[in-house]
Amino acid sequence: MNVTTSVNEKRKKSTGGNFKVPHTLVIISAIILLVSIATYIVPGGAYEKAVNDLGKTIVVDGSFKYIENEPQGLFAILQAPIQGIVDSGEIIAFLFIVGGAFNIISRTKAIDFGIVNIVNVFKGKEILIIPIITTIFSLGGAVFGMYEESVPFVAILVPLMLALGYDSIMAVAVTYLACALGFSSAMLNPFTVGIAQSIAEIPMFSGIAYRTIIWVITTIVGCAFLMMYARKIKKNPELSPVYESDKIKRENLQNFEEDHGKFTLTHKVILASLAICIGVIVWGVLAKGFWIPQIAAVFLITGLFSGIIGRLSGDEMADAFLEGAKGMIGAAVMIGFARAIVIVAENASIIDTILYNLSNVIGQLPSLLAACIMYPIQMFINFFVGSGSGQAALTMPILAPLGDLIGVSRQLTVLIFQFGDGFSNIIFPTSGILIACLGIAGVPFGKWFKWVLPLQGILFVLAITFITIGSLMGWS
32 MNVTTSVNEK RKKSTGGNFK VPHTLVIISA IILLVSIATY IVPGGAYEKA
82 VNDLGKTIVV DGSFKYIENE PQGLFAILQA PIQGIVDSGE IIAFLFIVGG
132 AFNIISRTKA IDFGIVNIVN VFKGKEILII PIITTIFSLG GAVFGMYEES
182 VPFVAILVPL MLALGYDSIM AVAVTYLACA LGFSSAMLNP FTVGIAQSIA
232 EIPMFSGIAY RTIIWVITTI VGCAFLMMYA RKIKKNPELS PVYESDKIKR
282 ENLQNFEEDH GKFTLTHKVI LASLAICIGV IVWGVLAKGF WIPQIAAVFL
332 ITGLFSGIIG RLSGDEMADA FLEGAKGMIG AAVMIGFARA IVIVAENASI
382 IDTILYNLSN VIGQLPSLLA ACIMYPIQMF INFFVGSGSG QAALTMPILA
432 PLGDLIGVSR QLTVLIFQFG DGFSNIIFPT SGILIACLGI AGVPFGKWFK
482 WVLPLQGILF VLAITFITIG SLMGWS
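My numbering puts the first residue of the sequence shown at 32, with every later residue one more than the last.
Be a bit skeptical, because a hint or two may be false.
[Stated by the list, open to error] Derived DEER-like restraints, expressed as beta-carbon distance ranges:
hint, residue 1, residue 2, range
1, Q487, L399, 19 to 29 Å
2, L399, I251, 18 to 28 Å
3, F106, V247, 46 to 56 Å
4, I72, M258, 38 to 48 Å
5, M258, V492, 14 to 24 Å
Think of the hints as simulated: they come from the structure by calculation, not from any bench.
Just so it is clear, CB atoms sit at the ideal spot from N, CA and C, and this is done for glycine as well.
Kindly produce the complete structure, drawing on both the sequences and the hints.
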């Protein structure tokens, strides 16, 4: 057996033999179809809604009633992706702006020079970059709810990860995945912990000591998983699930490294402006409440400034912007189709019915078992309600008082909500931000799903362990 055959056999084993992962659009369309079928089986239902002191619309516990459902047929299914694209217009516009602005910056070659210098600095110790970047992004998710903000960083880190000998999956992992780890195990996240604790009527950000321990352990586990994978593909790049699609990117990087010119002051100024851009975004999110439009505007300003400093003509900047935006079309379509899954369920009025029946099941169980079962149930709800604050408003008014009846503290109920809302975002196609990050990195959802599934299993066991400890020690 020759070396090539041996490598191919290893690669087949690592990617599941000859099994061909369906296109992301095929997977999402199949889920839309399954949810549509469910609308003919699950009866309609609705809770009464009320506005709380925070201005959030929450459900009124005990107000559920069955209503006539509206089964979603073929014509409804065909309309759902269109409505999904409309509903996701903000994040899609964000992708186009960031993609275009980043491509202008890329045309100046400043990022390429920066990558070459970073690679030279970390030569022989590239693996150290993984825990450093992962911890920074995880901390962002844990402290100020960094999540959507990870999108532009993926574009920046794809070439760096490839230059270090890793792959495009690692670029998504050290940014989006790291944010999700911190978001899920957060001690201070205002969008999940803050809102959920307010609705559950417990002191804001109480329980911070145990949550901090959870964040530290979760981040260490995430770093260890990524470093093990990084070492494997550093040793043999062909074991990467995206090896073939990364080939062209690698070749472009190699060509640049072999035939690059001088690292000029202009390049340094552009890189400095990019660093300032990141700093302004972090400051804006923390101090000024920046959201997607403001973040996109900051990135656009940086792109235009870089183009001018890099001496690109107006036509060159326009061409670069459109080329970058064009590269986001696939991700934009996926986001719209992913949103269509939720639209089909909402139009049929079956989400409240599912929540009501799941809460009835929990109410019949012993406290520890109920606490552990609440976690996968919260994950299931997260499939349809991707917004952390929206999910808190939907589930906490029901699960918090239900926990009182069965011996699950409200503090523990909030923690379970955190886990269910956050960890599953790294694997559900209904997460628009996940689909956006994968689209930017050029990683098919099916390949990402297979890659991240072992980590999802580890995180599930970890979450159940934390929930069990919290229950046994009477954490409140």
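Hints, verified against the model:
1. Q487 - L399: 19 to 29 Å: At 23 Å between Cβs, range holds.
2. L399 - I251: 18 to 28 Å: Holds: the Cβ-Cβ distance is about 26 Å, inside 18 to 28 Å.
3. F106 - V247: 46 to 56 Å: Holds, at about 51 Å.
4. I72 - M258: 38 to 48 Å: holds, 45 Å
5. M258 - V492: 14 to 24 Å: holds, 19 Å
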